[in-house]
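Undergrad: Sequence:
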Amino acid sequence: MKLLRSFSYAWSGLKTCFIAETNFKIHVVLAILAISLGFLLNISRNEWLAVMGCVALVVAMEMVNTAIEKLCDVLLQDIHPGIKKVKDIAAGAVMVAAVCSLIIGVVIFLPKIIAYIKLL
697 MKLLRSFSYA WSGLKTCFIA ETNFKIHVVL AILAISLGFL LNISRNEWLA
747 VMGCVALVVA MEMVNTAIEK LCDVLLQDIH PGIKKVKDIA AGAVMVAAVC
797 SLIIGVVIFL PKIIAYIKLL
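Under this note's numbering, the final residue of the sequence shown carries the number 816; numbering is consecutive throughout.
Simulated from the structure, these hints should not be mistaken for laboratory data. For every residue, glycine included, the Cβ atom is placed at its ideal position computed from N, Cα and C. Any given hint might turn out to be false.
[Said to hold, decoys possible] Keeping only pairs whose Cα atoms sit at most 20 Å apart, straight-line, the calculated EDC-like set for lysine to aspartate or glutamate is:
#, residue 1, residue 2
1, 766, 784
2, 721, 743
3, 808, 774
4, 721, 765
5, 780, 765
6, 780, 769
7, 783, 717
8, 781, 769
9, 808, 743
10, 711, 765
11, 783, 769
12, 783, 765
13, 783, 743
[As the list claims (entries may be wrong)] Using C-beta positions, here's what the derived DEER-type ranges look like:
#, residue 1, residue 2, range
14, 765, 699, 46 to 54 Å
15, 753, 816, 27 to 35 Å
16, 812, 773, 31 to 39 Å
17, 782, 815, 46 to 54 Å
Modelling step: build the complete structure from the supplied sequences, incorporating the hints.
TA: Right under this line is the structure:
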């Protein structure tokens with residue numbers, strides 16, 4: 697029962713992020729695009745592992761960033777330079793994961809897209 701409750705809390709967190717956070721929605725849409733491209737372009741098992749690892753990393757980082765921002769907002773409603781640094785660092789972590797994922801996506805998908813276009 698305790699395990700089911702834990703999954704319920706986790707699902708609630710996912711729903712909260714999807715409903716309330718624009719950046720989370722953007723990352724989910726891009727994840728769906730990457731997964732769809734993976735099926736369309738028939739990527740290899742190792743490429744799937746890289747794509748799914750990137751998807752999981754970026755979505756998880758966005759959720760952690762959101763959690764940090766919400767916690768900071770609860771702790772201190774006023775603008776504070778220390779809180780700003782914490783929020784900026786968390787946002788930067790998401791950006792690092794997203795940019796790295798973009799690079800991996802380009803390495804995996806661009807050659808396949810170019811080959812597909814040449815076939816047309």
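Undergrad: It remains to establish, for every hint, whether it holds in the given structure.
TA: How the hints compare with the structure:
1. 766 with 784: Judged against 20 Å, a Cα distance of about 13 Å means the pair holds.
2. 721 with 743: Violated, at roughly 24 Å.
3. 808 with 774: Not satisfied, since the Cα-Cα distance of roughly 50 Å exceeds 20 Å.
4. 721 with 765: At roughly 17 Å apart (the allowed maximum being 20 Å), residue 765 and residue 721 satisfy the hint.
5. 780 with 765: holds (9 Å)
6. 780 with 769: Satisfied, since the Cα-Cα distance of roughly 10 Å is no more than 20 Å.
7. 783 with 717: Holds - the C-alpha atoms of residue 717 and residue 783 are around 15 Å apart, at most 20 Å.
8. 781 with 769: holds (13 Å)
9. 808 with 743: holds (12 Å)
10. 711 with 765: OK: residue 711 and residue 765 at ~17 Å, within 20 Å.
11. 783 with 769: Given that 20 Å is the threshold and the Cα spacing comes to 10 Å, the pair holds.
12. 783 with 765: holds (6 Å)
13. 783 with 743: Violated, at roughly 32 Å.
14. 765 with 699: 46 to 54 Å: violated (28 Å)
15. 753 with 816: 27 to 35 Å: Holds, at about 33 Å.
16. 812 with 773: 31 to 39 Å: violated (52 Å)
17. 782 with 815: 46 to 54 Å: holds (50 Å)
Going through the hint list in order, the structure does not satisfy hints 2, 3, 13, 14, 16.
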